[in-house]
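Asker: Next come the chains, spelled out residue by residue.
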Amino acid sequence: MGYRLPCGVRFPTTLTPFSSPEADAALLPLQEDSLGALTVYVIPETSPLLPQGVGVYVGKHRSAVMRCPQGPGDVLAAVSARVQQIVQAMSFTTDSITAALSDRVPMDQLGTDTRRPFKSSLGYEITFSLLNPDPKSHDVHWDIEAAVSGYVQPFLDKLGSVANFSVDSQILYYAVLGVSPRFDKASSSFILSALSLPHVINPVEARLGSSATSLYPVLNFLLYVPERIHSPLYIQDKDGAAVGTNAFHSPRWGGIMVYNVDHPAPDKALLPLRVDVDMVRVMEVFLAQLRLLFGISQVPLPEEFLLESPGNKGLTDWELDRLLWTRTVENIATVSTTLTSLAQLLDKIGNIVIKDDVASEVYHAVASAQTAMLELASGHLGSAFQASKEAVISSERAFFDPSLLHLLYFPDDQKFPARDSLSV
Amino acid sequence: PHWVSGPEAEVQRMAWAVAAVLGLLLLLGSPGGCGGSPGPPRDSLREELLLSPLPSGDIAATFQFRARWDSELHREGVSHYRLFPKALGQLISKYLVRELHLSLTQGFWRTRTWGQPYLQAPAGAELWVWFQDSVTDVDKAWKELSNILSGIFCASLNFIDSTNTVTPTASFKPLGLANVTDHHLLRYAVLPREIVCTENLTPWKKLLPCSSKAGLAVLLKAERLFHTSYHSQAVHIRPICRDASCLSVSWELRQTLTVVFDTFSIGQGKRDWSLFKMFSRTVTEACPLASESKIYVDISSKTQENELLEVTPPPLSVHEASVQGDRRTYAVYDLLSPLLFNVSRSLNVQLKWKRPQDSLDLSTPVLHAQRYVSGYGLQTGEISTLIYNTHPYRAFPVILLETVPWYLRLYVHTLVITTKGKENKPSYIHYQPAQDRRRPHLLEMLIQLPANSVTKITIQFERALLKWTEYTPDPNHGFYVSPSVLSALVPSVLAMKAEDAEKSPLFTSLFPSADGSSYFVRLYTEPLLVNLPTPDFSMPYNVICLTCTVVAVCYGSFYNLLTRTFHVEEPSRGGLAKRLANIIRKVRGVPPL
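Top to bottom, those sequences are chains F and P. At position 387 of the first sequence (counting the first as 1) the number is 369 in our numbering, and the numbers step up by one without a gap. At position 109 of the second sequence (counting the first as 1) the number is 107 in our numbering, and the numbers step up by one without a gap.
Some clues are possibly wrong.
What the hints assert, rightly or not - Computed list of lysine-lysine pairs in DSS-like fashion (alpha-carbon distance at most 25 angstroms, straight line):
| # | chain 1 | residue 1 | chain 2 | residue 2 |
| --- | --- | --- | --- | --- |
| 1 | P | Lys92 | P | Lys203 |
| 2 | P | Lys203 | P | Lys219 |
| 3 | F | Lys295 | F | Lys140 |
| 4 | F | Lys118 | P | Lys454 |
| 5 | P | Lys350 | P | Lys268 |
| 6 | F | Lys42 | F | Lys140 |
| 7 | P | Lys219 | F | Lys118 |
| 8 | P | Lys420 | P | Lys350 |
| 9 | P | Lys268 | F | Lys118 |
| 10 | P | Lys584 | F | Lys337 |
| 11 | P | Lys138 | P | Lys219 |
| 12 | P | Lys454 | P | Lys418 |
| 13 | P | Lys465 | F | Lys118 |
| 14 | P | Lys204 | P | Lys219 |
| 15 | P | Lys204 | P | Lys171 |
Derived from the structure by calculation, the hints contain no laboratory data.
Model the full assembly from the supplied sequences, consistent with the hints where possible.
Answerer: Here you go:
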């Protein structure tokens, strides 16, 4: 990763001043746009390009614009410190890399945030499920196809270089949560407290089913429409306040959102009530949860930083780069663990036969891992990630090859009686 | 157990950020905003229960759940499911399946005493699949499909491999829409040894949209369903015409479950039946997702002789249909009509016989068959199949499919088909000999059955000796030979008019009817149990014991001979106690110590 400083870029003063996003878009062709690189533009202190009070503008591609900090002392040192801040925010830090390795190395000081994102895998299945436990009262319809193609698919397309994604959805009827909610007189609504949330998922999961046709990990997003007798239903957090989005997520599993339906007065009610789910509200929450589950979390930015919104895709280029850095490191760690386990296994059990194709996979995995490390050292993120992916594929293929088990269950002590009786 | 982390505040912040973007999109009229876009494919669910009292006094209950999905699975790459279960939909899309039929059966349908079945299944597990013609490697797809199905249904279908899979050429034509019928796209396999139990019923029930919480599926309780003489559950997936013009294709999933309750074990000898007696449950409501939910009770014997059979509560309507060449009357209970539950909250259909039943004549079915093994010893044997055509004046052809495992070596030159004492030559024979450990025998014949006759088909075989690792853990139980399949278009006495498939009850639209003068029947014979010459598996143990004993005895005695030394021992005079004891012994007259 490198940063270049074309200091003192001048803009023509005769034109109307650019706004920051337009400047960002205009500067885009100037950059090399290489994966993993960051470009920081330093503009004079008095430039009107950035609004008042904003010291740094972080764009949605791989660039940032910062004001030259004024003040006495070494200007270059001040600029360098600010640039360091920007790099910490936009690219990886030591903490984020160690967090990626948290599965391999026991570390207690890292928080629960490190266990939230899914482990690096070659593909993911995303399933949206609508749970309707009371089809007699609610006739729920959701336009999930349009919602997925409009909101989720652009995000997944942006992440296409990281892994393969497949999205599907289903509607499950008579699927109840494992916990019966408490009635709260004060708000005359039903409450699911934070303590009971872990017990909600297990009974539902039996009905969700995993994909029959692929081995990729599954992210489940459930939309629960509570029964008529349990409406409205709110989720309470640890402090007792109702959660604004009425949703929660479980690390490395997915998210659940409760969608309350307005019921008209009982005498006017005609069962079942037709409910058309407001997909915008639902997709907001699910997309936010999806970002969290992939580990694309917001780094707390210092003041004076202005962040440009990622737009349709939901993900900025530098966030994608950050994800790729951590994924590459995680992949290399996985490869080394797998191959080490295989070697230890061979030491312990002498019976396993390694065929030639398995051996070539092992060699290929080692070579790819070494390539990945070299590329990482020189800062070529794209080729490093590809090499690490190939290394993972080869090492998994070598480790899980079925031919390793052929002669495994023929232990030595069973061979002796037969051999003895034959020799005599 | 899952743990839940709670950076809800962060989610909220994220959500507001995303909301701004999404709101913008909505304003700009992003794709699929509101209205305009075509709705998702429509799907519908119909459920039905048919109760038919059998001539022998038992009662058969057939459940059918049919989900129809108006979508072209293969072309659109659809992956959004509502009533059609996701697991099966994904399977169809990935393996390019055109038709799939899987059945798990326990027991045997006794055609002679019970009459012609609507849909019979062979004992054990049966799977036959038609693939699309765009599949490149059918065998690989077949293997992966059977493995995945064994996971979905908790059945050991992974034992299906090339030694029990065949490619029939004439039987098992597609039951749904088909434009290409290259028989290389068909695979058929039977596992006669497979047992059906609750573990297979539970995933089957999970595929139903209403699960077992509402509608007719409430009656499906495992402890009653397996206490029966015959239990068969099946899944049928096929493409059908969406409407009369047949311009587009819909997918149909039928889940059927047939059970036959035994008079003596359940009814305690009395032949009065009720839903509660059979299933220990009654029906309280229809499935809210079903567009049709009906119970049919066969009351044909009521109209033949008045007041023989009484059904309570009185049915709201009566349906007449000609099924399998017979005019039958059915009492209909429509669970979706509000009148049905006016009197009581739950529906318990009861059948009472007014008169003793031995006055009822048992009409023999037109076509039935029987198969057995004869011969003596463990070297040769003969398989005989008897096919009965009891139609008084019509002759019709029947296709017989036999699959015999490779270890029973058939001799085709000994194949003899006789009818009424004369030889009957089949008009079509397809024979594929077996390859040891790779392929079973396949014999398909088209035989003309004269009216009112018995046809006997015999073929001799020789039993092979297997390698010692190929025997099952209980080899003296025997080895199963899968049932043979008879497919025929049986001419019917009555002319049947072709009814619209959507309006007629489900049990009449199982098989596509070509014309009104005959109906399609597929029968299965009994599976055979054949003993193969089995070696004595305790021999290795015996050899080891004997060898080790001989070695030990020889070596031991030899070692003794070589190393034993003799030395003389002085007899000691003994102490005081000994001398005293000797004196007493002399007095008694006993020899001294």
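Asker: Given the proposed pairing of F:Lys42 with F:Lys140, does the C-alpha separation stay at or below 25 angstroms?
Answerer: OK: F:Lys42 and F:Lys140 at ~13 angstroms, within 25 angstroms.
Asker: Given the proposed pairing of P:Lys219 with F:Lys118, does the C-alpha separation stay at or below 25 angstroms?
Answerer: holds, 23 angstroms
Asker: Within 25 angstroms, alpha carbon to alpha carbon, are P:Lys204 and P:Lys171?
Answerer: violated, 29 angstroms
Asker: Sort out whether P:Lys268 lies within 25 angstroms of P:Lys350, counting only the CA atoms.
Answerer: holds, 10 angstroms
Asker: Are the Cα positions of P:Lys138 and P:Lys219 separated by 25 angstroms at most?
Answerer: Distance of about 37 angstroms is beyond 25 angstroms: violated.
Asker: Just to be careful, I want the Cα atoms of F:Lys118 and P:Lys454 compared with a cutoff of 25 angstroms; is the pair within it?
Answerer: This hinted pair is violated, its Cα atoms lying about 58 angstroms apart.
Asker: For the pair supplied as a hint, P:Lys465 and F:Lys118, is the alpha-carbon distance within the 25 angstroms limit?
Answerer: violated, 61 angstroms
Asker: Does P:Lys219 sit within 25 angstroms of P:Lys203, going by the straight-line distance between their CA atoms?
Answerer: Status holds; Cα separation ~10 angstroms.
Asker: Regarding the pair F:Lys295 and F:Lys140, is the alpha-carbon distance no greater than 25 angstroms?
Answerer: Satisfied, since the Cα-Cα distance of roughly 7 angstroms is no more than 25 angstroms.
Asker: Check the hint pairing P:Lys584 with F:Lys337 against an upper bound of 25 angstroms on the C-alpha distance.
Answerer: Violated, at about 87 angstroms.
Asker: Would you mind confirming whether the straight-line C-alpha gap from P:Lys268 to F:Lys118 stays at or under 25 angstroms?
Answerer: violated, 39 angstroms
Asker: Regarding the pair P:Lys420 and P:Lys350, is the alpha-carbon distance no greater than 25 angstroms?
Answerer: violated, 48 angstroms
Consistency note: the structure conflicts with the earlier hints numbered 4, 8, 9, 10, 11, 13, 15.
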